[in-house]
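S.K.: The chain contents come next:
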Amino acid sequence: MSDKDGKLSKNMKILKDKMLDTISGVPLLGWLFGILIAVLLEHFAGDLLVDVLGLPKIPVLFGCVIILKKPLMIPGAMLYMLLIYILPISIVARLSSVPANRVAAKLLDYPMFVSVLIHIALFYASLYIWSEISAYRVLTLKLTLVAIILTLSLNVINGYMGEFSCSHPGFMALGAYGASVFTVLLFANDKIFGHALLPPSLGPFMFPIALIIGGITAALGALVIAIPSFRTRGDYLAIISLAFLFIVKSMIENLEVVGGPRGLSSQPDYAGLPTVFMWTVACIWITNNFVRSTLGKALNAVRDDEMAADAMSVNTRRTKMVAFLFAAFWAGVAGGLFAHVLRYVNPGTFGLQKLAEVLAMVYFGGLNSVYGSIVGAVSLSLLGEALRPLEIFKWIIIPLLLILVMIYRPTGLIAFKEFDVGKLIKPKQRPGKEV
Amino acid sequence: MALLRVEKMSHEFGGLRAVNHYDLEIEKGQIRGLIGPNGAGKTTIFNLITGIYKPTEGDILFEGKKITGLQPHQIAACGLGRTFQNMQLWRHMTVLEHVKMARYSRITYGLIGAFFGTAERYRQEEEIEVIAYRLLKMVGAVHLADQIVTNLSYGDQRRVEMARALSLEPKILFLDEPTAGMNPEELINMMDIIRKVHKELGLAIFLIEHRLKVVMELCQIIQTLNFGQVIAEGTPEEIQNDPKVIDAYLGRETVA
Chain A
58 MSDKDGKLSK NMKILKDKML DTISGVPLLG WLFGILIAVL LEHFAGDLLV DVLGLPKIPV
118 LFGCVIILKK PLMIPGAMLY MLLIYILPIS IVARLSSVPA NRVAAKLLDY PMFVSVLIHI
178 ALFYASLYIW SEISAYRVLT LKLTLVAIIL TLSLNVINGY MGEFSCSHPG FMALGAYGAS
238 VFTVLLFAND KIFGHALLPP SLGPFMFPIA LIIGGITAAL GALVIAIPSF RTRGDYLAII
298 SLAFLFIVKS MIENLEVVGG PRGLSSQPDY AGLPTVFMWT VACIWITNNF VRSTLGKALN
358 AVRDDEMAAD AMSVNTRRTK MVAFLFAAFW AGVAGGLFAH VLRYVNPGTF GLQKLAEVLA
418 MVYFGGLNSV YGSIVGAVSL SLLGEALRPL EIFKWIIIPL LLILVMIYRP TGLIAFKEFD
478 VGKLIKPKQR PGKEV
Chain B
967 MALLRVEKMS HEFGGLRAVN HYDLEIEKGQ IRGLIGPNGA GKTTIFNLIT GIYKPTEGDI
1027 LFEGKKITGL QPHQIAACGL GRTFQNMQLW RHMTVLEHVK MARYSRITYG LIGAFFGTAE
1087 RYRQEEEIEV IAYRLLKMVG AVHLADQIVT NLSYGDQRRV EMARALSLEP KILFLDEPTA
1147 GMNPEELINM MDIIRKVHKE LGLAIFLIEH RLKVVMELCQ IIQTLNFGQV IAEGTPEEIQ
1207 NDPKVIDAYL GRETVA
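Taken in sequence, the protein lines are chains A and B.
Sequential numbering from 58 applies to the first sequence in this note's numbering.
Sequential numbering from 967 applies to the second sequence in this note's numbering.
Rather than coming from a laboratory, the hints here were simulated on the basis of the structure.
Quantities reported herein were computed from a predicted structural model and do not represent experimental measurements.
It cannot be assumed that every hint is accurate.
[As the list claims (entries may be wrong)] In the DMTMM-like style, the derived pairs of lysine to aspartate or glutamate whose C-alpha atoms are separated by at most 20 angstroms in a straight line are: (1) 480/A - 1091/B; (2) 485/A - 475/A; (3) 248/A - 189/A; (4) 1103/B - 1092/B; (5) 994/B - 1135/B; (6) 974/B - 1029/B; (7) 483/A - 166/A; (8) 994/B - 1166/B; (9) 1103/B - 1166/B; (10) 114/A - 104/A; (11) 1103/B - 1086/B; (12) 480/A - 1112/B; (13) 480/A - 1029/B; (14) 474/A - 1063/B; (15) 114/A - 166/A; (16) 1020/B - 166/A; (17) 127/A - 108/A; (18) 474/A - 1112/B.
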């Protein structure tokens, strides 16, 4: 019996190695191409396949909702996933690996940003076609992208600098209201601020300014936290920042000018998918640039040993200040985008639950890592949506998952890993062929 | 003019006078030692000079300029490098990142460069990388450049700390027990490195050490400290035979 088991596991291992071997030679370009083909397939043949398989409609979030709601449809949903996503992506990626490698190698001759832009464009095309299927997908996607900005910016404080800040939803609220007041006041007719002051056609061009104003509002709020953070660390800072979160929340609740507890609505519809996507890419790019420079690495030095950092000429005050303001700025931008995606904000959104959500994304994904933030934000956002049919059980499963991650990988799934774009986009060689 | 001059420096922790009217003068290229029993105030003196504590009284002059009361990073940027008794390395960072980090004060690309990855930033980062590799080579740790420091052996960690301090381009190097906890082989290796950096970079070195062998072989002038006060100062031979030093280390024989 055990012999048979051994043989079986050996076969499994060989199979696994073979599978790894076939996919390891595929560069990122090949994968993106595969994904593009898969979403195109869904776009054109999705409805047909749905009819054949007897599903009610195209499964919006990879079939999770259907599986959980109607267990009888599990085979159909699984088959749909296999036929639309898994098989096309892997087959196309595998088949295109040789030309894709050649293209990727060719792109190395040009400046790196050319290659990066091509990758991003390809990825955006896939996302766009994927999200076109339903409005729900668009909304989920936008909120996921906003979550990435938020998680990444919190990771700068909690991961890279190793402080425990709890004020992120507060920064987000400041950003959301800052940006909303700007756009609603200037470009929208609404009950609170009256008629638009400027022609609404100007609005979309001013939206980046609105977001930057939101970010700066949040950064100004962060100054309040940054100053005590020079003196306190650890628990004390956590308490101060938590207090800040409540101050912001109750301040907005009592500000009748911006609608008080009823919230602020009628934001113009400026936050389309391309806008949100571009801001997310910008945030990832700038944050990654920052944390990989020696000035950004100073955050790690301050975290690991502040006294040594100081003795090695690192200006620790400036470093902490920059990190706080930087993170708050991006949280504010995320807040501004959030407000314009939902086109409504109320102070209740930016409470403890939001804090728990962001913290979970940071610690689940991995500290001190851009990859980790992306993985954490995407997986928890999608999981939160996909498990919606479970209702209350969702709040048992997700925390349970978090606990498991904390037990087996205490610093998160992908912690302390550098996000090296150059490495990511370069052509891959199959390990077997090198020898 | 002396490179570093400390005049009548005193420091109190609460009511305890940890350092009392301490004077020091170090010339360019000199190696000086500071010895004394545990708790004599040696590390406190290091921390006072490098700005971690502020002296209650007295002045510190570096190249004729008063540095008393400056922030530690400002003092470090002036050219005072140091190592720590318990090697305060950054545990998640690689060896190369350690050495590059100490160039912080010389980076001029600013936040714009850091955020947007300007050409100037890449040029400067490359430049400090070259310097970092040169220093790692000097201390014999170039093969460890990409390792996380916590994976290194004790002796290697000491060498990394040395390279990190040198990367500041200091004019004077403060070594706080550079050979603590080392085996004989590592000890000889470390002494070679100290001699080498002294010779090649022409640094002044001020070192705290418990192993008399190291102090006697390396230092030109030695100070002995007890209860925060200098009790003897002189060449290694003088110190070795000074009755007050012997008293401080071994205690006085009480004759009934």
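S.K.: Could you run down the list of hints and mark each one as holding or not?
M.R.: Each hint, compared with the structure:
{"no.": "1", "hint": "480/A - 1091/B", "result": "18 angstroms, holds"}
{"no.": "2", "hint": "485/A - 475/A", "result": "18 angstroms, holds"}
{"no.": "3", "hint": "248/A - 189/A", "result": "33 angstroms, violated"}
{"no.": "4", "hint": "1103/B - 1092/B", "result": "17 angstroms, holds"}
{"no.": "5", "hint": "994/B - 1135/B", "result": "14 angstroms, holds"}
{"no.": "6", "hint": "974/B - 1029/B", "result": "17 angstroms, holds"}
{"no.": "7", "hint": "483/A - 166/A", "result": "11 angstroms, holds"}
{"no.": "8", "hint": "994/B - 1166/B", "result": "14 angstroms, holds"}
{"no.": "9", "hint": "1103/B - 1166/B", "result": "13 angstroms, holds"}
{"no.": "10", "hint": "114/A - 104/A", "result": "7 angstroms, holds"}
{"no.": "11", "hint": "1103/B - 1086/B", "result": "26 angstroms, violated"}
{"no.": "12", "hint": "480/A - 1112/B", "result": "16 angstroms, holds"}
{"no.": "13", "hint": "480/A - 1029/B", "result": "47 angstroms, violated"}
{"no.": "14", "hint": "474/A - 1063/B", "result": "14 angstroms, holds"}
{"no.": "15", "hint": "114/A - 166/A", "result": "46 angstroms, violated"}
{"no.": "16", "hint": "1020/B - 166/A", "result": "56 angstroms, violated"}
{"no.": "17", "hint": "127/A - 108/A", "result": "16 angstroms, holds"}
{"no.": "18", "hint": "474/A - 1112/B", "result": "13 angstroms, holds"}
Checked against the numbered hints listed earlier, the structure breaks hints 3, 11, 13, 15 and 16; every other hint is satisfied.
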